[in-house]
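J.: Each chain, letter by letter, is given below.
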Amino acid sequence: MSDDVLLKATDVVKNYASRRRVKGLRTLNTAVNGVSLEVTRGETLGIVGESGCGKSTLARCLVQLLPVTSGSVQFNGVELTTLSRRQLRPHRRQMQLVFQDPYASLNPRRTVGDIVADPMRINKIGSDAEISSRVRTLFETVGLDPSSLRRYPHEFSGGQRQRIGIARSLSLNPSLVVADEPVSALDVSVQAQVLNLMTDLQDEFKLTYLFIAHDLGVVRHVSDRVGVMYLGEIVELGAAEALYERPLHPYTEALLSVVPELNDTDAPRRERIIISGDVPDPSDRPTGCSFHPRCPAATDICTTEKPAFVELRPGRFVACHHPRNVDAVALTT
Amino acid sequence: MSLDDHSTDAVLSVRDLTVSFATRQGVVRAVDGLSFDVGAKEVLGIVGESGSGKSVAMYSMLGLVRDANVSISGSVLFEGREILGLSDADMQSVRGGEVGMIFQDPMTALTPVYTVGWQIVEQLRAHNEMTKKAAYERAAELLAEVGIPDPKSRINHYPHEFSGGMRQRVVIAMALSCNPKLLIADEPTTALDVTTQAQILDLMGRLQATHGSSIVIITHDMGVIAEIAHRVVVMYAGRPAEIGPEIDVVRSARHPYTWGLLGAVPRADVKTRRLVTIPGNAVSPLEVPPGCAFAPRCQYRMDICEQRPPLRGAHDHLDACWLSDEQRLAIRSTATVRGES
Chain A
0 MSDDVLLKAT
10 DVVKNYASRR
20 RVKGLRTLNT
30 AVNGVSLEVT
40 RGETLGIVGE
50 SGCGKSTLAR
60 CLVQLLPVTS
70 GSVQFNGVEL
80 TTLSRRQLRP
90 HRRQMQLVFQ
100 DPYASLNPRR
110 TVGDIVADPM
120 RINKIGSDAE
130 ISSRVRTLFE
140 TVGLDPSSLR
150 RYPHEFSGGQ
160 RQRIGIARSL
170 SLNPSLVVAD
180 EPVSALDVSV
190 QAQVLNLMTD
200 LQDEFKLTYL
210 FIAHDLGVVR
220 HVSDRVGVMY
230 LGEIVELGAA
240 EALYERPLHP
250 YTEALLSVVP
260 ELNDTDAPRR
270 ERIIISGDVP
280 DPSDRPTGCS
290 FHPRCPAATD
300 ICTTEKPAFV
310 ELRPGRFVAC
320 HHPRNVDAVA
330 LTT
Chain B
0 MSLDDHSTDA
10 VLSVRDLTVS
20 FATRQGVVRA
30 VDGLSFDVGA
40 KEVLGIVGES
50 GSGKSVAMYS
60 MLGLVRDANV
70 SISGSVLFEG
80 REILGLSDAD
90 MQSVRGGEVG
100 MIFQDPMTAL
110 TPVYTVGWQI
120 VEQLRAHNEM
130 TKKAAYERAA
140 ELLAEVGIPD
150 PKSRINHYPH
160 EFSGGMRQRV
170 VIAMALSCNP
180 KLLIADEPTT
190 ALDVTTQAQI
200 LDLMGRLQAT
210 HGSSIVIITH
220 DMGVIAEIAH
230 RVVVMYAGRP
240 AEIGPEIDVV
250 RSARHPYTWG
260 LLGAVPRADV
270 KTRRLVTIPG
280 NAVSPLEVPP
290 GCAFAPRCQY
300 RMDICEQRPP
310 LRGAHDHLDA
320 CWLSDEQRLA
330 IRSTATVRGE
340 S
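As given, the protein sequences belong to chains A and B, one line each in that order.
Its first residue numbered 0, the first sequence is counted upward by one per residue in numbering that gives the first Met the number 0.
Its first residue numbered 0, the second sequence is counted upward by one per residue in numbering that gives the first Met the number 0.
Calculated directly from the structure, the hints in this document are not laboratory data.
Wrong hints could be hidden among the right ones.
[Claimed, not checked] As a list, the in silico BS3-like pairs of lysine-lysine whose alpha-carbon atoms are at most 30 Å apart: (1) A:K7 with B:K270; (2) A:K205 with B:K270; (3) B:K131 with B:K151; (4) A:K305 with A:K22.
[Claimed, not checked] Using C-beta positions, here's what the derived DEER-type ranges look like: (5) A:A16 with B:N178: 43 to 51 Å; (6) B:S283 with A:A16: 45 to 53 Å; (7) B:L285 with A:E310: 36 to 44 Å; (8) A:S146 with B:V112: 50 to 58 Å; (9) B:E140 with A:R40: 37 to 45 Å; (10) A:R135 with B:S49: 38 to 46 Å; (11) A:S131 with B:P295: 16 to 24 Å; (12) A:V309 with B:E286: 52 to 60 Å; (13) B:E286 with A:A296: 37 to 45 Å; (14) A:R268 with B:T7: 32 to 40 Å; (15) A:D326 with B:P288: 37 to 45 Å; (16) A:A296 with B:G84: 41 to 49 Å; (17) A:E240 with B:S49: 46 to 54 Å.
A quick note: this is a predicted structure, and the numbers were derived from the prediction, not measured.
For every residue, glycine included, the Cβ atom is placed at its ideal position computed from N, Cα and C.
Please build the complete structure, drawing on both the sequences and the hints.
T.: Shown next as structure tokens:
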């Protein structure tokens with residue numbers, strides 16, 4: 000494994016027992032179905048997908064908040080899936096989370112100063128005085144007034160609470176920050192403030208981000224590379240700009256075509272591809288390619304044979320029998 | 000042009016709508032002097048962030064804000080008839096009959112204990128003289144029209160047996176059941192995924208073309224506005240900041256708040272560099288300044304902004320801002336303001 004790779008997942012699977020029964024036996028809900036990816040030091044890898052595609056489950060599996068059913072997760076070259084809780088602890092410090100709901104992710108009965116200090120106290124890092132001075136610095140770093148340390152979460156707005164969550168995630172100097180829908184609960188003007196803050200912090204602390212969101216615009220904006228998930232699988236992965244300009248997978252293409260656009264230029268709008276139907280039940284996934292029942296390009300082979308996830312062009316991975324835009328994507332990109 | 004007098008040919012004509020709530024901390028003006036018209040077959044978008052008063056404005060004009068501490072003033076003409084202050088019985092014939100409503104969360108808009116067919120039939124029979132049998136047949140037709148496969152059997156299903164997108168289709172079928180002249184849709188796609196949102200916006204566009212209803216769509220998403228609306232009202236702190244044709248507002252926005260709103264959106268269609276941010280947080284409804292509500296966050300603030308700017312402009316593009324046309328031109332030629340043509 001190259002030194003540049005901070006996090007490497009190989010064939011990660013996460014199953015849940017489903018409530019659905021076939022012949023009296025419970026079937027399995029495969030929330031994550033064989034995901035492999037690498038996160039390079041200093042980059043932002045965005046994971047985008049619709050609700051229920053398994054993006055949050057994947058994130059929780061990668062940081063070992065959920066045990067994987069099978070597969071391997073290596074962080075800094077160390078296999079995490081076989082470690083005990085105690086053995087995990089020193090690695091956990093290095094990977095921190097920012098959650099979606101700034102109302103649910105902060106303990107309402109603790110002051111925000113305590114919330115940010117707790118990770119350092121738990122990990123016994125520094126004296127009380129050192130911790131208190133670090134909390135003040137962190138507050139300034141994320142654009143909050145250190146004089147508000149003794150206040151409680153309910154006294155802050157949604158955007159300010161998300162800043163507190165970010166300050167907490169930075170308190171242990173992590174190398175990886177996993178942000179699961181960090182801005183989806185915020186109004187657009189506040190969302191822009193938090194996204195800009197996250198970009199600044201990445202530059203300042205050389206952070207690596209795994210950024211999970213359903214908003215295609217947000218993901219394009221923050222990511223260096225993007226993975227697109229559908230029904231528990233990454234169907235396409237590539238450099239953000241290349242992927243958004245020339246998607247290879249028909250699902251990516253359809254997804255991008257229906258994002259409402261501000262028609263503020265005379266450039267023609269992308270032709271909208273409205274895919275019909277709903278995402279299938281993950282306990283009853285289609286044979287062959289998971290996307291074939293909704294895919295405009297599907298043929299017979301798609302119903303029987305699962306497409307392999309291959310590097311079709313350098314840095315451009317896709318799992319599809321009939322990838323789009325292949326001729327337009329240069330062999331050298 | 001101004002919005003002083005009622006427009007005569009509008010389906011809905013709102014003038015100086017003000018909704019205030021008496022709270023323990025003082026009087027909150029949730030809507031403060033809102034005026035707009037919705038023409039025949041027109042789609043009007045009302046856009047604003049949370050707390051801007053966009054939903055409460057629509058709910059209060061339909062008599063859906065029932066609160067002992069509320070006071071509503073102004074004038075709302077629906078097809079030339081004043082509907083503010085109508086009795087409950089009169090209002091009930093308007094709501095669901097001539098005015099259809101689509102709500103954000105289709106799960107809470109439908110009752111979980113009855114089949115969707117029962118719910119559509121109830122509405123049909125409340126507003127029309129119909130036999131049960133005819134109403135069920137009409138309900139099945141409506142479900143087919145909104146794209147629900149196998150409507151004859153789906154009509155007997157309960158809301159939880161439908162997906163989010165399909166539920167929203169049921170709500171749309173209900174809203175359309177009495178052939179309304181006006182549809183009010185409050186964040187109809189916010190709870191939906193982007194592919195489902197596309198299906199629903201597409202459906203609303205097609206139905207609008209076939210039924211010829213006017214639509215008021217309330218949303219926080221400028222993209223949805225650009226997709227479906229003909230004209231836009233941008234709201235801030237309960238007040239209209241800018242009103243105009245969609246294309247003019249998106250391409251040559253006039254109000255600094257609209258500039259910020261447009262510049263803050265990370266785009267999927269083009270590469271965005273640093274996002275434009277509006278400093279600070281939305282103003283507390285208890286502390287709206289007497290002058291321009293946006294002034295405390297506005298980087299182009301002037302002394303005159305301590306007085307409330309009138310909603311004015313040329314033709315049908317109005318804004319409530321004291322900046323002169325020359326100042327706006329100068330700002331937009333230098334600053335990184337997106338939304339310009």
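J.: Look at each hint and say if it fits the structure.
T.: To see whether the hints hold, each was checked on the structure:
no. : hint                           : verdict
1   : A:K7 with B:K270               : 28 Å, holds
2   : A:K205 with B:K270             : 23 Å, holds
3   : B:K131 with B:K151             : 15 Å, holds
4   : A:K305 with A:K22              : 26 Å, holds
5   : A:A16 with B:N178: 43 to 51 Å  : 48 Å, holds
6   : B:S283 with A:A16: 45 to 53 Å  : 48 Å, holds
7   : B:L285 with A:E310: 36 to 44 Å : 57 Å, violated
8   : A:S146 with B:V112: 50 to 58 Å : 52 Å, holds
9   : B:E140 with A:R40: 37 to 45 Å  : 60 Å, violated
10  : A:R135 with B:S49: 38 to 46 Å  : 31 Å, violated
11  : A:S131 with B:P295: 16 to 24 Å : 33 Å, violated
12  : A:V309 with B:E286: 52 to 60 Å : 58 Å, holds
13  : B:E286 with A:A296: 37 to 45 Å : 55 Å, violated
14  : A:R268 with B:T7: 32 to 40 Å   : 35 Å, holds
15  : A:D326 with B:P288: 37 to 45 Å : 58 Å, violated
16  : A:A296 with B:G84: 41 to 49 Å  : 57 Å, violated
17  : A:E240 with B:S49: 46 to 54 Å  : 32 Å, violated
The structure fails to meet hints 7, 9, 10, 11, 13, 15, 16 and 17 from the earlier list, while all remaining hints are met.
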